[in-house]
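2 protein chains.
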Amino acid sequence: MADKKKRRRTESDADPESDPLPFKSKLKPDSVILQSLKALAAEYAPSTSSSAAKPLTLSDLFLSDACREVTDLPLSSVQSAIESLVLNLTHSILSGQGFSFSVPSRSSANQLYVPELDRIVLKDKSSLRPYANVSTVRKTTITARILQLIHQLCLKNIHVTKRDLFYTDVKLFQDQTQSDTVLDDVSCILGCTRSSLNVIAAEKGVVVGRLIFSDNGDMIDCTKMGMGGKAIPPNIDRVGDMQSDALFILLVEKDAAYIRLAEDRFYNRFPCIIVTAKGQPDVATRLFLRKMKMELNLPVLALVDSDPYGLKILSVYGCGSKNMSYDSANLTTPDIKWLGIRPSDLDKYNIPEQCRLPMTELDIKTGKDLLEEDFVKKNPGWVEELNLMVKTKQKAEIQALSSFGFQYLSEVYLPLKLQQRDWL
Amino acid sequence: MADKKKRRRTESDADPESDPLPFKSKLKPDSVILQSLKALAAEYAPSTSSSAAKPLTLSDLFLSDACREVTDLPLSSVQSAIESLVLNLTHSILSGQGFSFSVPSRSSANQLYVPELDRIVLKDKSSLRPYANVSTVRKTTITARILQLIHQLCLKNIHVTKRDLFYTDVKLFQDQTQSDTVLDDVSCILGCTRSSLNVIAAEKGVVVGRLIFSDNGDMIDCTKMGMGGKAIPPNIDRVGDMQSDALFILLVEKDAAYIRLAEDRFYNRFPCIIVTAKGQPDVATRLFLRKMKMELNLPVLALVDSDPYGLKILSVYGCGSKNMSYDSANLTTPDIKWLGIRPSDLDKYNIPEQCRLPMTELDIKTGKDLLEEDFVKKNPGWVEELNLMVKTKQKAEIQALSSFGFQYLSEVYLPLKLQQRDWL
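So the protein lines, in turn, are chains G and V. Under the UniProt record's numbering, the first residue of the first sequence is numbered 1, with each subsequent residue one higher. Under the UniProt record's numbering, the first residue of the second sequence is numbered 1, with each subsequent residue one higher.
Any given hint might turn out to be false.
No distinction is drawn between identical chains; accordingly, a pair holds when it is met within one copy or between any pair of copies.
[Stated by the list, open to error] In silico EDC-like cross-links for lysine to aspartate or glutamate, where the CA-CA straight-line distance does not exceed 16 Å:
(1) K156 to D264
(2) K28 to E83
(3) K156 to E411
(4) K278 to D218
(5) K417 to D345
Quick caveat, the hints were computed from the structure, so don't treat them as lab data.
Next up, chain G with everything else stripped away, as it sits in the complex:
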């Protein structure tokens, strides 16, 4: 018997395609897995866990004076905020005091990780940016110009990219980093998100599965988007009316895995919404994921490569990137679960040695640095997995599962993960 088993494994190594799929026998009927997923979704529904559903805010923690966050504001509020700011400046000039902007500091010294919120936020330090000062006159002028351009966007109610903004006054801005930086300053000054300013990032994410939503007035049914899926809109403020009968959201790092799941219409076997930013998370995808999570109250399960960058990508979705920490509340999706590929999966699923890659020195350093990050430390399961990765010095891509057959991901790995509720 043991011999037989061994022989089969050897055959399977030699030609996994034509052999029975490893661990497939462990799979229970779909109805059993679905039952468990329904129970999971119920845990996330607002009625059963009303306390957990209402997210903590800075003021709940008595931090609203000490910390600063921006909020989504309607266009009319942005417009009047700019107008009253300019009115104040005019008064200041007329009273002979000249003018200056008070700009919140976005430096790392002014950043704070708040464990209760599981986000990075800004502390309350700000600095004055006076016009009548040789060292700040240029930046003050740029700030005034950006405010004026944003005001025009409000009047016209259109969206532009950062690059468009830069090109409206190249003579003044000189290079795009200057207009970009001041744009973030203006967000902080007005206390609103960058998307509220109608300045958008190019989109690169796609979504498919059990979701209906409106994009700029058009109703989109993501079960009818073929294999290509729906491109995630760059402007979240025109996204609305989300409806779904999904039981969870599957966040996928790479497009190859996304394509596999879209072609196999995985969302029809296990009702879910599949979303990917095709690598590094962009702002549009992060906003879209958060909006789904908040409106639909669904668990978010992440499928990323088993390497430090997979975990880093998970962290950007989960608790934000450092250079946009002032906007962390609107950009981050709390409580994302690490489904896979986890370092412990490599042995658990017998990923063949040749599909595991040795970690480079830089990989190992990145992994060790991550172990020092608050968002990892607060999750003992993640620490354990990351320690295992750094110890074994092995990484693996999601595609490594293809060594058991092209559809192993959708036919065995994911269903088994869901059945066993195997996430951290």
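With chain G fixed as given, assemble chain V onto it according to the hints.
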């Protein structure tokens, strides 16, 4: 009067946003422009130009023996091609002659630009890849393995990425360039396109506007895709049923310009289909563009940056990239017109000096190299524009038009271009 004009221009430089848009007064009513566009579309309709509509083939030029191209084959034909290939190999082995693959050469020495086709094709050189030879045994084994994997894809009728393919046998392939290279060989051996092999590239393009098509069985109406648009499917063989009342296809290099046109629903003012690969053209977008052009018989107008890379991108859509020249017939879209931004537009539209960028040494070299390319030389208008670019040493992005206002592109520049039929 002259003074007044001058004053206005100065004001416009100082604050283009609040001023009348330059050249807007030249615009005729939309109905006049539409009339001209309808006439243009009629020129492209198959009935009025049946000779031009039927594209030339290698055999029309008596080159089918001397040159090689691959064609789209249905999955069943790919499957039987593999089976008869393997049958021949088996006969060869059984008759004691061992076995070898005859592999068409894809080196640049074996490539030929055919002006009548306006494409790069492969000449007829091929080489033997025998199993019983130390220098080729590995590559022969890889070739056999890839053939076997493709055969499995045929049986299952699923699509995978190159990365998936690599991971099915890392031990043999060692690194992905090896499986990728042999995959291209297998295309040439079987005489079919890579998409016929069901091996697909990750998609990154989006499409919006007056197009209805089916993606994997789902009907997609691209006028109802909001601002985000529809992600172009990675597998062209599941795309079909294209219908459109558009008068032209607008091919856009960058997503910022795409977003502007999508938000302004430019396609409702001038019926068109707007498509972008967000930078470098990917295979899926190239296949999609070609399919639209062939099925809908519409003119394709390209909006790219005014720099050597803009023209290079245009050339990849138009006549192919060198490393996939064996597949040029299926990947290229003939007769793409260069709408803008052209070097001569910089002065014609008074693009402010500060929005023009100096070309680097490398830019200038790339520009000069392009002047030697056949696909540029055959179009005297392009040569003239490119000469102007290299002479003035100035380049400009599409976004440079934003200096006249965020919507200058959609409200003045493009309508005026269409009105004046200003393309090359």
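Hint check results:
1. Taking the closest pair of Cα atoms, K156 and D264 come within 16 Å of each other only across two copies (11 Å); inside a single copy the shortest separation is 43 Å, beyond that limit.
2. In this homomeric assembly, K28 and E83 never come within 16 Å of each other (Cα to Cα): the closest approach is 62 Å inside a single copy and 37 Å across copies.
3. In this homomeric assembly, K156 and E411 come within 16 Å of each other (Cα to Cα) only across copies, at 13 Å, whereas the closest approach inside a single copy is 50 Å.
4. In this homomeric assembly, K278 and D218 never come within 16 Å of each other (Cα to Cα): the closest approach is 24 Å inside a single copy and 23 Å across copies.
5. Taking identical chains as interchangeable, the C-alpha atoms of K417 and D345 lie at most 16 Å apart only when both belong to the same chain, with a minimum of 10 Å there against 58 Å between chains.
Consistency note: the structure conflicts with the earlier hints numbered 2 and 4.
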